[in-house]
Every structure is written in C-alpha cells, then in structure tokens.
Amino acid sequence: MEDYITRMGDGRRVRMTKEQIMSDIVAGMADGADAAQVPELSQDEMERIYEIVCDKSKITSIEPGREVCLSKDAGAIKFNQDNGGSGNAIPCMGRLEGLLVYERSLTFDSMELAWMDYSIKPVKAVINCETSNYEQMAMLTTLPLVMGAMPNMGLYYAPDGPYANPTDLMREFKIEESMAASEAAAEHLTRDIGYVCQEIDKVGCEGFNFDTVASAGDAEFVATLKGMENYRKSNPNAYIECGMSAETVLGIHGGMEYDGKVVAGMYPHEQVKLCEKAGVNIFGSVVNTNTSKSFAWNAARSAVITKECVKVANIPVHANMGMGVGGIPMCELPPTDITGRAAKILIEIANIDGI
Amino acid sequence: MAVAHGLCSGMGGMRTTGDLVCRMQFAKNMKIDAAKKYVADKLEIDPFQLTEENFIRDIRDKEGLGVVTGQPNSPKGLPAKMNIEKVLGITISNCEHYRNQLKK
Numbered sequence: 000m001e002d003y004i005t006r007m008g009d010g011r012r013v014r015m016t017k018e019q020i021m022s023d024i025v026a027g028m029a030d031g032a033d034a035a036q037v038p039e040l041s042q043d044e045m046e047r048i049y050e051i052v053c054d055k056s057k058i059t060s061i062e063p064g065r066e067v068c069l070s071k072d073a074g075a076i077k078f079n080q081d082n083g084g085s086g087n088a089i090p091c092m093g094r095l096e097g098l099l100v101y102e103r104s105l106t107f108d109s110m111e112l113a114w115m116d117y118s119i120k121p122v123k124a125v126i127n128c129e130t131s132n133y134e135q136m137a138m139l140t141t142l143p144l145v146m147g148a149m150p151n152m153g154l155y156y157a158p159d160g161p162y163a164n165p166t167d168l169m170r171e172f173k174i175e176e177s178m179a180a181s182e183a184a185a186e187h188l189t190r191d192i193g194y195v196c197q198e199i200d201k202v203g204c205e206g207f208n209f210d211t212v213a214s215a216g217d218a219e220f221v222a223t224l225k226g227m228e229n230y231r232k233s234n235p236n237a238y239i240e241c242g243m244s245a246e247t248v249l250g251i252h253g254g255m256e257y258d259g260k261v262v263a264g265m266y267p268h269e270q271v272k273l274c275e276k277a278g279v280n281i282f283g284s285v286v287n288t289n290t291s292k293s294f295a296w297n298a299a300r301s302a303v304i305t306k307e308c309v310k311v312a313n314i315p316v317h318a319n320m321g322m323g324v325g326g327i328p329m330c331e332l333p334p335t336d337i338t339g340r341a342a343k344i345l346i347e348i349a350n351i352d353g354i
Numbered sequence: 000m001a002v003a004h005g006l007c008s009g010m011g012g013m014r015t016t017g018d019l020v021c022r023m024q025f026a027k028n029m030k031i032d033a034a035k036k037y038v039a040d041k042l043e044i045d046p047f048q049l050t051e052e053n054f055i056r057d058i059r060d061k062e063g064l065g066v067v068t069g070q071p072n073s074p075k076g077l078p079a080k081m082n083i084e085k086v087l088g089i090t091i092s093n094c095e096h097y098r099n100q101l102k103k
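Sequences listed follow chains A and B, in order.
Position 211, counted from 1, in the first sequence is what numbering that gives the first Met the number 0 calls 210; the numbers after and before it change by one each time, with no gaps.
Position 74, counted from 1, in the second sequence is what numbering that gives the first Met the number 0 calls 73; the numbers after and before it change by one each time, with no gaps.
It is possible that part of the hints are untrue.
[Stated by the list, open to error] DEER-style ranges, computed between Cβ atoms: (1) A/91 <-> B/69: 17 to 23 Å; (2) A/332 <-> B/48: 31 to 37 Å; (3) B/102 <-> A/332: 48 to 54 Å; (4) B/88 <-> A/46: 39 to 45 Å.
Hints listed in this document are in silico derivations from the structure and should not be mistaken for laboratory results.
Note that beta-carbon positions come from the ideal geometry of N, C-alpha and C, so glycine has one too.
Throw the hints in and build the complete structure from the sequences for me.
Right under this line is the structure:
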C-alpha cells in the first residue's frame, strides 16, 4: 500500500497511508468544528486538504495570483534572539540591518520594530530610546513599519509586578481576591498601552502590532482591547494589528467583559468581532497545534476554525503560522515542507488575507 | 520559517507590490482581493501582474516606489514612501511627521 511522508504535530517525520491521512483530516476537522462551534468543511474541501498533504514535492506553494500579505511578530530581533524564539543568535545583526534584510532580501510585506524584551511593560521603560530609533529607521525603510510588543500581563503579577498572582490566590480559594487582582492588573496594562501609544505617536509611528494577546487570559484580552480602542480614538490613522496567543481565551478571571460580552472561552470568529469594535485593522487568528496528532489532523482543524473567522471578519485576517500554531508543528525548527502546505491549506480553504 | 512563508505564499514585499498591498490592508482594512484590486487599479495593471517581479520592478523604478537592488539615484525609504503616498492616494503618518519637521 502506498504511503506518504508527512509529520506529526511535534515535527517528527512519519509515513502514513492515504486512508490514515483522510481519517485524520475528518477527525481533526470534526474536533475543530466541535470545539469552536463552527460549520464543518465540505467533502470537497477535505479532499483538497488531502491532496495538499499528499503532494510529493518537498516544498509546496500556492498558485500565482493567490499570494497573501505577510506581517511579523518580533521583527528583526529574530536574527539575534536565542533558540526560545527560533532566533539565530547572530551577534552583530542590529535591528536596522535586520529590518532592511527582511525588506530587501526576505520579501516581507510589512515589518515591526521590536525591543529585545518584547512586552509592553519593559518597552515603557525604554520608550525614548525606542521612539528615537524608530524615527531614524523609518527614514530608511519603505515597507509599512509599525512598533510591536506583547501586552504580556503576567509581568504585572508577583513576583515580577505589583499585583498578587491570581492563580496563586485561586489555589488558596481566595476567588474574589484573585478576580480583583486581575482587574487591577488589567487597568494598569491599559494605562501602560496608552502611555506607549502616546509616545510613539510623537515620532509619526505608523502603528502598533499587539502580539500574543490574551496570554494571561481574559483580563489581558479586555485590557488590550481597551488599550487599542483608546489608541484608535487618539489616532484614527494608526495601523493596528492584534495577534492572539491561543485559539481560545482562557477564563483566568471568568467574568471579564468587552462590549457587553464575556470574553472567556471565545474562539477566533468571536474574538475578531471585538477587535473590529476596538478599531483593529488586521486580526491575527490562532489555532493551536496538538503535538500528539498528525499534520493532517492539525491542518484540517486549523482550516475549519480559521475559515469561519475569515468569513465573519470585516477586516483582513493574518493567520498566525509560526511554531505550534496554524497547523505548523510545535518545534524549534518548523520544517519547510510543512510550512508551505499549512499556508496553502489556509489560503485555499480558509481564504486568509495574510500570514 | 519566515523565509518559507515568503517564498511559498507571500506577495513578495518590495520585490513586487507586497508592501503596497499590505499598506492598503493596514490603512483601509481591505481584505486581500480588495487590496490587490486597489493597488492594481492605481498602477493601471492587472491584479495577476502584482507579483510578477520583472514586470513590477520597472514600474517601481519609474514611479520611484523603491526597488530592492542597490541602484544609485533610485529612491528608497522616506522619498519612496512619499511617492507611494501619491500613487496610492493615502497619507503615511511618518511621511507627515518628517514634513512637519521641515522649517517653513
């Protein structure tokens, strides 16, 4: 029986038969539709995913005319970061050089200036340095150049920040105190986002990429939405991108609301509507990869959840397709044979606007 | 990974018109097909030609939109963005910022 070379969600190369691949596509799609409560894919769509997974080429790409735009988290610091961020640890690669390499050699459509400690809280402390750098780098770059950082509300909790850690409080059954800590940290984060955006506006910054949003749960998502809403009100022309951290919003608080809706448990097709309300221009959807399942299973699951998000969105959707999201395996060096297939599936089946 | 996405799926950035299409996504919330059509209409070309390097390079050179190769007297960076503003009919905030810095 003929088999095909493919991979597992942890990046391991495996051989699977046509029947095994098709069975995983059906199962992954059903799991995603059930989890996000979205319509299932058609038989034709699943068969197309099968064709893409089973393509015998090492590198698989889309047809000319179907290309999509690329945006980037962390920007040029990937060149000198460590392996935690799949960085290359090239010590002499400065951020300006990195931006220009991405622009003129690596075909990127937009880029962001990012601080090495890639979170709002540490960026606040070096904001004068960052705005000064941006002001000069923007004179040399041609592509859309925003600044970017993660809201990363975990940094506002003990031992790193001023507020008690909600999960520690929950272990002590101090539920109300836990919720109060989340709410206080969220207000602080919204204030800090406001400060950073106010400062970057002073140097004509084109906008901000809020990346890995809601990593600390529902309170962080609401804090970021309010921060983006305030930014939009202060600068109607700002380019605002909001990329999520996970496919669903964790209910660490449980009752946080935005626009009258409880955000805990929301999936991409619901998250994007709140981002539209907040004034976001580009939404970064996430579907997590299951490392124990095959690429076929993960890709089909990613496609069914992302498709509904793109369908309901009135703004462009750039699917997150890095390590462990969007059908890409969760490993330090995502294999290029899977990267192209995963993107082709989301472009053809989910109709994404970018990556 | 980023390189793989660029080659397999990306618009091509400044090699083609990727930066222009992406700018319209940011500036006007345009979905991919609408952004491509907008840029193609402004350049008076077919949307299919937006990612054809050889064809687009000459247009970028002629319009001063920035090219990826080192060509003397060909705008890159700020002057290229000011030309992009004119071609796309938009205002880019950092171009406006630098204009405001000029003494009257």
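Now for the hints, and whether the structure bears them out:
1. A/91 <-> B/69: 17 to 23 Å: holds (21 Å)
2. A/332 <-> B/48: 31 to 37 Å: Taking Cβ atoms as reference, residue 332 of chain A and residue 48 of chain B lie about 35 Å apart, which means the hint holds.
3. B/102 <-> A/332: 48 to 54 Å: Holds: the Cβ-Cβ distance is about 52 Å, inside 48 to 54 Å.
4. B/88 <-> A/46: 39 to 45 Å: holds (43 Å)
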